[in-house]
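Asks: So the chains spell out like this:
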Amino acid sequence: MKFRESLSGGKKSNQTRENISGSVSSLEVHDLTVSYHRRPVLWDIDFEMPEGKLVAIVGPNGAGKSTLIKAIMGLVPPASGYVKIFGQSLEDARPRVGYVPQRNSVDWDFPTNVLDVVLMGCYGRIGLFRRPRAADRDVATDALRQVGIADLAKRQISQLSGGQQQRVFIARALAQDVDLYLMDEPFVGVDAATEGAIIELLREMRRRGKTVVVVHHDLGTVRDYFDWVLLLNLRLVAFGPLEEVFTDTLLQQTYGGRLNILTEVGELMKKQDRGRELR
Amino acid sequence: MNDSLFDFLVLRDLSTRTVVIGSMLLGIGSAAIGCFALLRKRALVGDAVAHSVLPGIAIAFLIVGSKDPLALMVGAVVTGWFSMIAMDYIVRNSRIREDAAIGLALSVFFGLGILLLTHIQHTGAANQSGLDKFLFGQAASLLARDVAVFGSVSLILLLVLIVTFKELKVVSFDPDFTRAIGFPARFLELLLTTLLVVAVVAGIQAVGVVLMAAMLITPAAAARYWTERLGVMILLASLFGILSGYVGAFISYLEPHMPTGPWIVVVASFIFFVSLLSAPKRGVIAQLLRRRKNVRVTLEENILKTMHRMGEADREMQDPRSISEIQNYRSIPAAVLQRGLLRLASEGYVTSQPNKKWSLTTQGVVEGARITRLHRLWEVYLTEYVRIAPDHVHDDAESIEHVLTPELEVELQRLLQRPAIDPHQQTIPYR
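Heads up: the sequence lines are chains A and B, in that order.
Per the numbering used here, the first sequence starts with residue 1, numbered consecutively.
Per the numbering used here, the second sequence starts with residue 1, numbered consecutively.
The hints are simulated quantities; they were obtained by calculation from the structure and are not laboratory data.
In this text, all values refer to a predicted model and were calculated from it rather than measured experimentally.
It is possible that part of the hints are untrue.
[Said to hold, decoys possible] Derived lysine to aspartate or glutamate pairs resembling EDC-like cross-links, with alpha carbons at most 16 Å apart:
#1 B:281 with A:109
#2 B:166 with A:136
#3 B:281 with B:319
#4 A:154 with B:228
[To be verified] Anything over 10 Å on all C-beta distances counts as not near chain B; from chain A, calculated:
#5 188
#6 196
#7 203
[Unchecked claim] Per the computed footprint, the stretches of chain B lying under chain A, defined by three or more beta-carbons under 8 Å from a beta-carbon of chain A, are:
#8 158-167
#9 170-179
Idealized CB from N, CA, C, for every residue including glycine.
Work out the full structure, taking the sequences as your base and the hints as a guide.
Replies: Below, the structure written as structure tokens:
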């Protein structure tokens, strides 16, 4: 902590400073590098996130947005670096962090109903090899009510629309009742009504002091929805409050020049790994 | 009733009883665990594992020197399990994809197994006869001790499934989420792998290496047609497995030269085809019926809409119309139109009038207006929101008008702010 404190400054806002000197930050990522088949897809990601913010992770396709939150959750192994959540290691902090995968990462033809999926949010609390109780069902039902689909509790998940599927995933996260949420593209392929309902919920969660990190693809709504932004393109371009970071210059840096040096070096490392000639 | 048939049904004869009970037990575990293989899209992995147990059986025989079921089983589990680990390793650490990895493991292990079996046959060991039965299985040669061993294996397997049901369910549905909540997803996947290997090994005695995949996948695939609940699916698949074992053993009892294993698979396949055709929601027949009903409803709605348009034209909504008058507005074959009108009459939307004419009832006017409204609202939506030229929107609206739900209609009206006219300057009829 001491070391980081001495490094912070410069462009960091007052809010961040207060946070570092005061309470523990919700999420710290230290020099995180992630590789797929030896080819780096995230380089030296390093940031510290204050509590109680709605944060957008923004960047072009292939920038590593999903990989970043998967790496934070320990779903892809880092090549180097580490993550701290509320000052604890990931394994210790798991009960305080929730993950919402991309909607299309699961098979919605799985034989189960809406309530059962939301109930999975309680599994971490219930523990291994124990059955859910009535109280857990109440939590799940309440989560469904919050996302506005309490009437669909008994519906087969194969019968849901895209927006309803996303609401089910959000409800499952709500049932977890954690302090930090990482959501992968929750607004993709949902109807306008669902998008509105979800953003309302996220704001309500922020009011209750939760930190919500969202991989977001729609630059048009970033300004309306979020108060902090993380610009990502293989490396961390910028991270901070919306008004400081969501600027034309920084966006240009994030989206401009698809083939930057990092991608080229990544390609070279892949070639090297496969034993091909470098040039 | 035929005496021998009766003997079979009450399992009077000890060896019959052994074969029948054995065949039934062997089907349970594989069918239950097959549900998870199917849902995790690992159906082919089961096939590869089944083929990969063969070298294990041969090696165990070479070491122990007898066909002790427990020893053979251990050997089978070891190579079966090793092949799954190998497949997993190949997919993780090379650029070879899963289908190729499965093919590799299957052929390499199976080839090795055949090689070893041939070698054993050439050693001329007196007690080796019957090892090749593992290729196609021979339930008829099951002994009481085999049934005891495999029966208890199936039982343990089911117990494990019951205890870890919640965990296996979540890891099969969403492995990333499972890891995210701190559950040992890798361990659970390994557990599923191990259970799969054990189930395969237990079933191989009856149906053999080559047909084992069918016992994993066919009952599970059949069960999926009948239910939307995982627990029920597993139960049903197990039942189908038991039933296949029983009927398969029965058939080969009636015709002693018929092999039991293949018959078990044939029966399971039959159950699958019956499910495929006649399951209430997912079955092919149910789907065909639904499609036919949709065609019927579309026709009826088109007739009502056409008669509503005629009413708009001469401002007499309920005037009687003849078949040919309707055909002037919309080309529907006379016979089809006649049938549609008769059905509409029975539903109270039209009434028949003198001179073979038909008129809309009040209810028919309302329904005709609804379809017209949906058609025109959709045209407005396409031109305004999707920016499609007005002369391109009609065909799309023709199909969309039949599927729009009342909720979507409300949404459309709100979004478009209740437009008065459509892109073709026709008034949109509101209630």
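Asks: Check each numbered hint from earlier against the structure, then list the numbers of those it violates in ascending order.
Replies: Number 3 - this is the single hint that the structure violates.
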